[in-house]
Amino acid sequence: MPWTVVGKSVMGTGHERRSQPCQDAWAWKEINGDHLCVAVADGAGSAAHSDIGARTAVATAVERVAQAVAEKLESLDADSELEGWRSPLTNVAKDVKKELDLTALQKEVAVRELACTLLLMLWTPSGIVALQVGDGAIVGRDPSGKMVALTQPEQGEYANQTVFIVEDKAAEQAQFMCWPFAIADCQNASESTKNSPQANLSHIALFSDGLQRLALELPIGKPFTPFFDPLFSFLDQVRNSLPDAADPKAIFDDAGKTLDSFLRSPRVTARTDDDLTLVLITSTQNISAPEKSKEGS
Amino acid sequence: MSTSFNLDEAVLFAENPEPRCPCVLLLDVSGSMSGPPIAALNEGLKAFQDDLNRDDLARKRVEIAIVTFDDRVQIVQDFVTADAFEAPTLETGGMTYMGAAIHTGLDLVRDRKAQYRANGVAYYRPWVFMITDGAPTDEPGTMEKASARIRGEEDKKSIAFFSVGVEGADMERLQTVAVRSPLKLKGLSFQEMFLWLSASMQQVSQSRPDEQVALPSPAGWGEV
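These protein sequence lines map, in sequence, to chains A and B. The first sequence: position 2 = 545 (my numbering), numbered continuously. The second sequence: position 180 = 250 (my numbering), numbered continuously.
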């Protein structure tokens with residue numbers, strides 16, 4: 544398997560106090576052996592069923608991305624330009640909204656009650672694409688250890704305002720970012736990204752807004768390296784122990800527990816009482832090989 | 071394997087400023103407030119200070135500014151976080167220059183927001199909380215301009231403006247000043263009112279994205 548993925552959503556202490564459920568959710572899917580999709584959603588605190596909204600959003604998102612990848616491979620549109628993912632991923636975000644509209648109808652509630660953010664990351668052989676509606680962020684690290692922000696938390700004027708996927712035009716106005724491996728072919732890359740030599744990212748993290756103030760230097764949204772380095776070392780250790788493991792599932796269970804207890808530790812909960820989601824990803828080869836797609840390894 | 075990895079000790083956190091929750095008090099200290107009302111108001115301010123400081127997050131996030139008005143408008147306290155706030159002892163004077171005070175209060179909010187933005191500090195929607203026992207005696211036109219400004223800023227969700235009338239206040243006049251209906255203070259229950267304000271500020275200062283903040287009921291101190 545080309546990637547090692549460890550992630551957790553945990554309920555915030557504030558939600559426990561208010562007897563709210565955990566309103567964060569995440570999902571991932573490996574597609575065709577050479578694509579990986581990860582989705583994170585953070586349900587709005589004010590929405591009555593945003594836990595369902597968040598779960599529906601991530602499940603729908605990874606399914607639709609899998610379809611989009613299959614379609615792209617079938618169409619022989621061997622166009623490796625990552626910018627070409629803008630329209631399919633925007634459509635995925637629109638589909639997520641449609642699915643939430645449908646769920647709201649079935650549950651006979653306003654779609655507003657299912658409001659959530661959506662963070663979407665697709666790792667392809669030619670690079671990484673990310674789409675985001677709302678707050679939270681997606682960050683990456685190159686093999687030299689340099690951290691990069693792939694997306695930024697999207698906030699309104701006030702600290703308790705953001706954008707949700709159920710809003711009109713949220714999909715169309717979503718942040719879209721691509722990080723091409725080896726060549727800068729993406730028009731939408733920020734100037735700094737364009738001008739710097741493109742490194743193949745070896746690690747990615749997605750997190751919901753509860754971790755924002757711990758993991759980013761705000762307001763510029765620069766990833767805080769001392770936050771991510773130990774987490775990625777931990778992930779590397781998990782990855783490296785897998786080839787010799789008799790029971791890989793036990794390794795993942797253990798890793799999940801370690802991440803879970805970190806997110807619930809007093810040091811973290813003293814800083815934030817919100818639900819927290821953190822997903823850590825590393826490529827097993829460190830650098831994905833574009834020309835080779837493997838199955839069932 | 072994973073037990074050998076202590077994330078709890080290894081992971082360091084970014085230091086970001088706390089998001090701020092600004093609150094401006096516009097306080098009427100005209101002559102009619104002298105005696106028991108001003109004493110009760112001063113007591114209320116002390117209760118406000120104490121109560122905010124009992125909440126670990128609110129004391130770092132709520133910022134208070136005080137503007138008093140009689141014949142003159144005075145910024146008694148520019149914005150400070152609750153943990154640095156010391157309730158002043160106010161004294162009473164003459165007329166009721168309410169309109170001028172509103173302009174000063176809204177200017178304070180505007181300038182504070184600019185400072186937040188310049189320093190990358192996140193913030194919540196500012197509250198302006200006015201307490202009066204009379205009717206405005208500003209120069210003609212000042213009060214109308216102040217009212218129009220409140221309406222404009224409420225429309226843009228730039229502020230939330232609340233007004234409270236103490237016994238003797240012209241409630242009908244007050245009704246026309248702001249968008250939200252004024253509340254009438256029961257007797258001199260300033261203490262209860264400030265405890266309510268403190269509880270409301272605590273709620274707002276800890277609300278997360280898109281949370282509609284359910285404020286406590288003002289029934290203990292006010293009537294519509």
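Treat the hints with caution; some may be incorrect.
To be verified - Some, not all, of what chain B presents toward chain A, calculated at C-beta under 7 Å: (1) Leu77; (2) Pro89; (3) Val143; (4) Arg195; (5) Trp197; (6) Gln273; (7) Ser277.
Hints in this document: simulated from the structure, not taken from any laboratory. Here the structure is a predicted model, which is why all the values come from computation and not from measurement. Glycine included, every Cβ here is placed at the ideal spot set by N, Cα and C.
The hints, checked one at a time:
1. At its closest, the beta carbon of Leu77/B sits 4 Å from a beta carbon of chain A; the interface hint therefore holds under the 7 Å criterion.
2. The criterion of a C-beta within 7 Å of any C-beta in chain A is met by Pro89/B, whose closest approach is roughly 4 Å, and the hint holds.
3. The closest approach between the C-beta of Val143/B and any C-beta of chain A is roughly 27 Å, which is over the 7 Å cut-off, so the hint fails.
4. For Arg195/B, the interface hint holds, since its Cβ comes within 7 Å of a Cβ in chain A; the closest pair sits about 5 Å apart.
5. Look at Trp197/B: its Cβ only gets to about 12 Å from chain A, farther than 7 Å, so that hint breaks.
6. The interface hint given for Gln273/B is violated, since its Cβ lies 11 Å from the closest Cβ of chain A, which is over the 7 Å cut-off.
7. The interface hint given for Ser277/B holds, since its Cβ lies 4 Å from the closest Cβ of chain A, which is under the 7 Å cut-off.
Hint violations for this structure: numbers 3, 5, 6, all remaining hints satisfied.
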